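From first to last, the protein sequence lines are chains A and B.
Residue numbering for the first sequence follows my numbering, beginning at 1 and increasing consecutively.
Residue numbering for the second sequence follows my numbering, beginning at 1 and increasing consecutively.
Rather than coming from a laboratory, the hints here were simulated on the basis of the structure.
Only a predicted model underlies this, so the values are computations on that prediction, with no experimental measurement involved.
Among these hints, one or two may not hold up.
Simulated restraints, written as ranges between beta carbons of each label pair [stated by the list, open to error]: (1) A:A71 to B:L127: 33 to 41 Å; (2) B:V208 to A:A71: 47 to 55 Å; (3) B:A29 to A:G11: 58 to 66 Å; (4) A:V6 to B:V184: 40 to 48 Å; (5) B:Q151 to A:G131: 49 to 57 Å; (6) A:R128 to B:G261: 25 to 33 Å; (7) A:D124 to B:E244: 57 to 65 Å; (8) A:H110 to B:L63: 49 to 57 Å; (9) A:D124 to B:L3: 49 to 57 Å; (10) B:V214 to A:R128: 36 to 44 Å; (11) B:V26 to A:G131: 17 to 25 Å.
Every residue gets a Cβ at the ideal spot worked out from N, C-alpha and C, and that includes glycine.
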Amino acid sequence: MPEGRVLEFTGVTKRFGPVTAVDAFTARVEPGVVTGFLGPNGAGKTTTLRILLGLVRATSGVATIGGQRYAELAQPLQTVGAALEASSFHPGRTAANHLKVYAQAAGIPHARVDEALGVVGLADVGGRKVGGFSLGMRQRLGLAYTLLGDPGVLVLDEPANGLDPEGIKWMRGFLRELAAQGRTVLVSSHMLAEIQQSADSLLVIARGRLVFQGSLEALTPPDEFATLVDAPARAALRTALDARGLGYDVMRSGLSVRGADPAAVGAIAAAAGIALSTLQRRGPALEEVFLDLVNGIRTHMPDAAAPPAIAPAAPALPAAEAPDVPPAEEEAPDDLDEAIAVDRPWEAAEEKTESDVEADHFFSRYDDAPRPDGEGDRR
Amino acid sequence: MSLTRATRSELTKQFSTSLWWVLALVLVAWVGSTAAGLAAVFAAGASGALGDAAQGPQLPAELIPPMVYSLATAVGYVFPLLIGALLVTGEFRHQTLTPTFLATPRRGVALGGKIVAGIVVGLLFALVALVSTVVPGAGILAAFGVDTQLQDADTWAMVGRMVIAFPLWVLIGIGVGTLVRSQVGAVVGVIAFTQFIEPILRVVAGLVDGLDAVTQYLPGAASDALAGASIYTGMVGGETQSLEWWAGGLVLLAYAVVFLGLGHLLSWRRDVS
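Kindly generate the complete structure, drawing on both the sequences and the hints.
See the structure below:
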């Protein structure tokens with residue numbers, strides 16, 4: 001079993017002319033867990049990953065894999081598997097030949113080509129030209145490339161893009177399994193909902209800076225909860241809440257009352273004689289915490305284990321800078337369950353090809369398998 | 001040995017798409033038909049088959065076979081040049097440099113693999129091109145009763161020199177492709193230079209005194225010098241200055257080294273994003 005290695009970024013900075021894409025990025029990624037690398041588009045995720053992989057030269061700082069730079073690795077593909085974009089294919093080459101090209105370059109036995117195709121459910125289409133593949137199939141072929149050398153480290157940039165919901169679910173389970181085997185798994189995404197379901201540990205990057213490192217649980221302080229309440233007579237409910245001096249946000253699905261539990265809110269409504277249509281506790285509002293982090297409104301580094309070198313990267317952006325960031329949308333989904341349901345562009349994306357259907361069928365076998373850590377769905 | 005692995009990988013890349021055989025077919029059709037056509041015209045003229053009315057170009061019979069055979073490089077050199085350029089620009093175009101450099105992180109080794117693979121492909125194309133000129137050319141010359149010179153050691157020495165020219169052209173193509181990066185730009189540039197710019201310069205040089213001292217260093221002229229015979233020596237007719245064959249070979253090699261060196265320094269080592 002290949003062993004995972006620690007990925008270490010030390011003061012990594014990359015400037016493109018006047019633009020600082022990555023700014024003194026210092027972080028550590030441990031084996032054995034899925035680490036989410038989260039940040040909005042353009043935050044510097046891809047550049048950071050490309051620096052780790054030796055594709056982009058850092059202006060200063062170093063990124064290492066088990067203490068070595070990528071270019072120093074004796075067997076790079078057998079050490080690190082990386083999938084960066086879904087378009088790195090010659091359309092006229094078959095899937096199997098695509099993998100064969102890189103297996104030969106890395107000295108990987110040819111048998112691994114068919115094995116890797118099998119693992120991602122493309123065994124039946126290995127002889128087909130990649131030009132005819134759907135986006136989802138290309139993503140899977142990209143994943144097959146990362147698995148080619150059976151590496152202990154996996155680095156995936158937005159792997160969920162273009163996968164259908166079943167493929168995404170399979171990918172999540174697959175990544176967890178790889179991490180449970182002791183490998184290092186670093187997955188980037190700009191979607192909190194995606195990372196939330198697949199990652200145990202989290203790096204959040206915004207404007208090239210690390211703004212959070214720690215576990216998913218540590219992202220939201222446990223005392224940060226709210227109660228979602230609604231009534232047909234919403235105006236009366238608001239008056240009652242106002243009278244008690246409770247702060248709330250108006251959401252589509254009701255009022256989100258901060259810092260009050262459902263019992264207290266229910267009592268207020270009962271005292272005012274208001275019939276409720278909704279009363280439920282909302283978990284920590286990850287989405288809001290994330291947006292606040294990204295916009296520099298909130299800074300916290302709750303992870304005491306974080307190396308001290310991170311501290312200088314953490315300070316808040318000046319408050320004056322905040323307004324030039326678009327405020328969190330009024331229509332922002334107020335509930336993560338809803339966010340997931342809404343934010344699925346790939347569902348409408350492409351028609352499934354025949355082999356998509358085959359592959360989906362293949363993936364579905366994994367869906368019923370119990371999670372390696374025995375944990376159920378996070379939600 | 002990572003260079004060996006990189007070379008195998010590059011050869012698989014080359015032969016796992018249809019480009020190489022499409023280009024080889026076009027080469028056979030174009031160079032072969034040119035060789036056959038010119039062999040027929042010149043042989044007919046030289047053997048007197050056209051009679052007194054012959055107004056076509058006249059060439060002494062002993063110059064016809066080398067001129068026909070050397071069409072493999074004189075006309076065909078654009079093919080190894082394109083192969084080399086596409087070997088690199090295809091990676092830029094299809095964004096495959098990412099997986100290539102992930103598998104072979106040392107950029108010099110990755111380029112070295114392309115160079116060695118390019119030499120192999122160049123030799124293959126040399127074989128295809130020479131068969132396309134020598135087989136129909138010699139057949140037609142023989143039919144007109146012109147000596148094919150296939151018994152002469154000189155002819156085979158020329159064939160050998162042309163075999164050297166092909167890999168050199170592939171290497172120049174790799175250098176050009178690395179520098180230009182754009183596939184369309186490289187293809188248009190290669191075709192414009194080889195089919196219009198250099199031929200025009202060389203025709204002009206045949207008419208203007210002293211200019212040939214410069215144009216003999218153009219890559220196509222150097223390639224013809226390396227081969228030792230060319231359609232230009234026959235067509236322009238003038239006593240244009242030409243390099244010794246070995247000097248022509250060295251000039252071609254110099255082009256390859258300069259383009260590859262600049263390409264490596266200015267383009268190949270850049271960030272891949």
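Tested hints:
1. With their beta carbons about 38 Å apart, A:A71 and B:L127 fall inside the hinted range of 33 to 41 Å.
2. In this structure the hint that B:V208 and A:A71 lie 47 to 55 Å apart at CB holds, the actual value being about 52 Å.
3. Checked against the hint of 58 to 66 Å, the pair B:A29 and A:G11 passes, with Cβ atoms roughly 59 Å apart.
4. A C-beta distance of roughly 44 Å is found between A:V6 and B:V184, which places it inside the suggested range of 40 to 48 Å.
5. Checked against the hint of 49 to 57 Å, the pair B:Q151 and A:G131 passes, with Cβ atoms roughly 50 Å apart.
6. Our hint of 25 to 33 Å for A:R128 and B:G261 is violated, since their Cβ atoms are close to 40 Å apart.
7. The given range of 57 to 65 Å is respected by A:D124 and B:E244, whose C-beta atoms sit roughly 60 Å from each other.
8. Evaluation of the 49 to 57 Å hint for A:H110 and B:L63 yields a pass: the beta carbon distance comes to about 52 Å.
9. In this structure the supplied range 49 to 57 Å is violated for A:D124 paired with B:L3, their Cβ-Cβ distance being about 35 Å.
10. Against the hinted window of 36 to 44 Å, the Cβ-Cβ separation of B:V214 and A:R128 comes to about 53 Å, which falls outside the hint.
11. The hinted range of 17 to 25 Å is satisfied by B:V26 and A:G131, whose Cβ atoms lie roughly 22 Å apart.
This entry does not satisfy hints 6, 9 and 10, going by the numbered hints stated previously.
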